[in-house]
Amino acid sequence: MSGQLEVRGLRVVFDGFQAITDLDFTVQPGELRFLIGPNGAGKTTLIDVVTGRTKPASGSVRFNGTELVGRREHAIVRLGVGRTFQTSVVFEELSVLENLDLAASFRRGLPALLRARRGVSGVVAAVLDTTGLNALADRPAGVLSHGQRQWLEIGMLLVQRPSLLLLDEPVAGMSRGERERTGHLLQAVAKDHTVVVIEHDMEFLRRFASQVTVLHEGRLLCEGTVGEVQADPRVQEVYLGRSSSKKEPVV
Amino acid sequence: MTHSKSFVGTTTSFFLLAGLLLLAAPALLPAFRLELLAKWLCYAIVAVGIHLAWGRGGMLTLGQGVFFGLGGYAMGMHLKLTDAGPGQLPDFMVWSGVETLPALWAPFRNPAFALAMVVVLPTVVAILLGTLVFRQRVRGAYFAVLSQALAAAFVILLVGQQGLTGGTNGLTNVQFFFGLDLYDPAQKRIVYYLVVGALGLVFLAAWQLSRSRLGRLLVAIRDGEDRVRFLGYDPAVVKTVVYAVSAATAGIAGALFVPVVGILGPADLGVVPSLEMLVAVAIGGRFSLGGAIGGAVLYNYASTGLSETFPSGWTYLQGAMFIAVMLWAPRGLAGLFSSGWSWIGGFRERRFPGSGGLSSTPASLPEPKAASASAPAQATSSTTSSASEPAPASGPAPSSARGEVPA
Amino acid sequence: MAVLNQLFIGASMGAVLLLIALGLTFTFGQMGVINMAHGEFLLVGAYTAYLLQNVVLALPVAFAVAGALGLVLERLLIRRFYGRPLDTLLLTFGVSLILQQLARDIFGAPNVGVTAPAWLTGGIGGFPYSRIFILVLALACVAAISLYLTRMKQGRRMRAVMQNRQLAAVSGVATERVDQLTFLIGSGLAGVAGVALTLIGPVGPSLGTYYIVDAFLIVVAGGLGQLRGAVIAAFVLGVLNSFVEFWTDASLAKVVVFAVIVAFLQLRPQGLFVLRSRALT
Numbered sequence: 001m002s003g004q005l006e007v008r009g010l011r012v013v014f015d016g017f018q019a020i021t022d023l024d025f026t027v028q029p030g031e032l033r034f035l036i037g038p039n040g041a042g043k044t045t046l047i048d049v050v051t052g053r054t055k056p057a058s059g060s061v062r063f064n065g066t067e068l069v070g071r072r073e074h075a076i077v078r079l080g081v082g083r084t085f086q087t088s089v090v091f092e093e094l095s096v097l098e099n100l101d102l103a104a105s106f107r108r109g110l111p112a113l114l115r116a117r118r119g120v121s122g123v124v125a126a127v128l129d130t131t132g133l134n135a136l137a138d139r140p141a142g143v144l145s146h147g148q149r150q151w152l153e154i155g156m157l158l159v160q161r162p163s164l165l166l167l168d169e170p171v172a173g174m175s176r177g178e179r180e181r182t183g184h185l186l187q188a189v190a191k192d193h194t195v196v197v198i199e200h201d202m203e204f205l206r207r208f209a210s211q212v213t214v215l216h217e218g219r220l221l222c223e224g225t226v227g228e229v230q231a232d233p234r235v236q237e238v239y240l241g242r243s244s245s246k247k248e249p250v251v
Numbered sequence: 252m253t254h255s256k257s258f259v260g261t262t263t264s265f266f267l268l269a270g271l272l273l274l275a276a277p278a279l280l281p282a283f284r285l286e287l288l289a290k291w292l293c294y295a296i297v298a299v300g301i302h303l304a305w306g307r308g309g310m311l312t313l314g315q316g317v318f319f320g321l322g323g324y325a326m327g328m329h330l331k332l333t334d335a336g337p338g339q340l341p342d343f344m345v346w347s348g349v350e351t352l353p354a355l356w357a358p359f360r361n362p363a364f365a366l367a368m369v370v371v372l373p374t375v376v377a378i379l380l381g382t383l384v385f386r387q388r389v390r391g392a393y394f395a396v397l398s399q400a401l402a403a404a405f406v407i408l409l410v411g412q413q414g415l416t417g418g419t420n421g422l423t424n425v426q427f428f429f430g431l432d433l434y435d436p437a438q439k440r441i442v443y444y445l446v447v448g449a450l451g452l453v454f455l456a457a458w459q460l461s462r463s464r465l466g467r468l469l470v471a472i473r474d475g476e477d478r479v480r481f482l483g484y485d486p487a488v489v490k491t492v493v494y495a496v497s498a499a500t501a502g503i504a505g506a507l508f509v510p511v512v513g514i515l516g517p518a519d520l521g522v523v524p525s526l527e528m529l530v531a532v533a534i535g536g537r538f539s540l541g542g543a544i545g546g547a548v549l550y551n552y553a554s555t556g557l558s559e560t561f562p563s564g565w566t567y568l569q570g571a572m573f574i575a576v577m578l579w580a581p582r583g584l585a586g587l588f589s590s591g592w593s594w595i596g597g598f599r600e601r602r603f604p605g606s607g608g609l610s611s612t613p614a615s616l617p618e619p620k621a622a623s624a625s626a627p628a629q630a631t632s633s634t635t636s637s638a639s640e641p642a643p644a645s646g647p648a649p650s651s652a653r654g655e656v657p658a
Numbered sequence: 659m660a661v662l663n664q665l666f667i668g669a670s671m672g673a674v675l676l677l678i679a680l681g682l683t684f685t686f687g688q689m690g691v692i693n694m695a696h697g698e699f700l701l702v703g704a705y706t707a708y709l710l711q712n713v714v715l716a717l718p719v720a721f722a723v724a725g726a727l728g729l730v731l732e733r734l735l736i737r738r739f740y741g742r743p744l745d746t747l748l749l750t751f752g753v754s755l756i757l758q759q760l761a762r763d764i765f766g767a768p769n770v771g772v773t774a775p776a777w778l779t780g781g782i783g784g785f786p787y788s789r790i791f792i793l794v795l796a797l798a799c800v801a802a803i804s805l806y807l808t809r810m811k812q813g814r815r816m817r818a819v820m821q822n823r824q825l826a827a828v829s830g831v832a833t834e835r836v837d838q839l840t841f842l843i844g845s846g847l848a849g850v851a852g853v854a855l856t857l858i859g860p861v862g863p864s865l866g867t868y869y870i871v872d873a874f875l876i877v878v879a880g881g882l883g884q885l886r887g888a889v890i891a892a893f894v895l896g897v898l899n900s901f902v903e904f905w906t907d908a909s910l911a912k913v914v915v916f917a918v919i920v921a922f923l924q925l926r927p928q929g930l931f932v933l934r935s936r937a938l939t
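Respectively, the protein sequence lines represent chains A, B and C. Residue numbers for the first sequence follow my numbering, so the first one is 1 and each next one is one higher. Residue numbers for the second sequence follow my numbering, so the first one is 252 and each next one is one higher. Residue numbers for the third sequence follow my numbering, so the first one is 659 and each next one is one higher.
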């Protein structure tokens, strides 16, 4: 079986510490996959490897059949893999519109980049609508609230039209209402993109996740639907079990 | 954009006025003053490049003197050869006992070649260093240190190769510039207009670059280089291009400096002169094109006036000025001016964001931030930059990343 | 013999550079401060030796005077600039100009010399005692710093702050106190280096400018805050410089050294040794 993203035999070592051990991981086209696991499970590391930020000790990462290991970050983005970060990073001095426009222009050549932006392109306008940032388009991104920043970041990802989106804790630190909106945004996005989401929030997971992959100490623990995963005794032990005594799972 | 209209209008008319004054200067100033003004304007051209590389791109280039010198020597070599006349050697070679023209010098007899080298030499050196350094993600303070070391090495090389470069004295007593007698004030006025023209062109080019997408990208790279990578751009390429542009700009300035001043030597190019070029921009305001140019003119005006009258006092003043600017006006005079303006103008908008316009002064300096956002899962703190690492950009972050705990 | 001699000259040059770079690597590594005035602490040491005309006595005095001056600088100015490395560079350049001009106004622009004590004149097998003394001095300083960092409570705190300032702070380390101490020690070592320089030749007000760039290159090549890195980089650069000077000429040596460092950074962009962390800038 071949997926859009295929990780095989991945091993990542930080200074002798095995962050990921012999990981196999496949995502099918069009899937909305949630990636969960306790701290240190290797979730962010996995995304870092896929996007070229971390070099694995061994193993392969194929995206639509193309090997990603050894490519530089921007080259991987150009292949159609986009990501967001745990702490959202937007360019505070540029306006919301400029942030989006910059993200949307990455395939333009140098001569085209030397011209000033004129008007708002269709893609950018559409994403301003989807993310609800229309009213803030001309404001510097530095004034945005935490939730708005996350949406801007997702928006910057969307205007790039990647075929695979990797989102690292998109709802962390969001209010209940913001989570709700983000969830719906994700569902809308997942209709025509492949999306992998790292998330801790169990309530969010139950509401929006279909397929879930659980990592633990750098290894794949199990995969399945939310129900299957929650029922798995190993998962309960390493992850859910530990946090079941608290209202919110420990991040 | 959120620029208040009156502010943009004011800056535009300010620039127009400044341009008119520069064009009228030959009629208003005696020849000796005009020559000094031309010299300061050469530094203003360098300042435009520094504004782009440092103010926009966050690359603290401490070695602009190298590029200034490469452009200057390319021009100076040609002028020395034409001064000497066909088949003759430049004066300093005769003094140091050189008998045949070194192979390095020969092509510079050709004016087209020399003019091309004014831009090509600095550009090539900058591309070479930029590619090697930026591709490996050497940046911030590391880059600053390397560019400074380049200036140090360059000057030692110039001084050491006496027969080739004129050593400590450099190239002196340049008399003719493409047929113009530089000792004749009337003909020298043409050189002045050339400098003003070059400054105007460089100004317009930098202005267009700043308002283009590339300009936005540059600011984005300054504030979050790693994030830009995940937008599909290669920051190393953008930084190298802009670094090369700033180097070429300095090269042009150096080439004009030679006919204006008549002398170019290592003393104009080393670590300290390079730092002075930078400091002038810091004082004027590195984030603002107008500030950078104004800073260069003002600084060199003060330097010329005071360094001769009170050499020791001027050095103290210089030192005190750097400290004062860094302490109280990290955005320079342009920053003071624009905040003063917004205060007077009954600000409709609290901020003048760094978007578009001539004097794009960010309301808040870029704080060093962990652009890669890989700091351990701290969703709530957005400015988690460990102070132990050289931050990509510098800004007077009052909330610097220092968590103090009383012992 | 010539090779051995160049090696020796290079090593003793490396020893001086090491003494200068030690202070820089810690202030740069721990506090992110690019202290351009560090070169002027050399001056303080050199002129202390000149005033005392006694190298041995000058060593502790220079350490104390330069260290105190460093502390004053840190308290008055630099502490306001943490997290803004590039701004500290310009700030301290201003300080450096003032200190240099002070030296010029007090001691005059011409170079001054220090009479070396009788037991340091002469040499053994072509190796001058004075340079052997400098080598021993540098190694002694490295040993002392190394002991301080590993064995003493204050030194361990310093390493903690260097590795993770925020974690150290919340673990109860008074980071501000540690910073002051680091600055004091770093500046003091530059003072010691300044005394050592008087053994090599006469010193003048622009002494600092001459050495500061090389010292920074050593910090960059060795890796921030890395004692081992600084030691290796200093000796390699010193020896390399001395050999290139020997084979070609002095003016090319700097260019070659610069090229070697840029080439080296292609292999190790963060220097010889790196403080590893998952967080990248």
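Careful, some of the hints might be misleading.
FRET-style restraints, in silico, Cβ to Cβ [as the list claims (entries may be wrong)]:
1) A:G122 - B:S558: 39 to 47 Å
2) C:A798 - A:V13: 17 to 25 Å
3) C:A722 - A:L114: 25 to 33 Å
Here are some chain B residues pointing at chain A (derived, C-beta under 8 Å) [as the list claims (entries may be wrong)]:
4) R360
5) L366
6) V470
7) D474
8) R480
Calculated from the structure, these hints are not laboratory results. On a predicted model such as this, the values are computed, not experimentally measured, just so you know. From the three backbone atoms N, C-alpha and C, an ideal C-beta is built for every residue, glycine too.
Quiz item: Okay, which hints does this one fail, numbers in order?
Solution: Violated hints: 1, 2, 3, 4, 5; rest satisfied.
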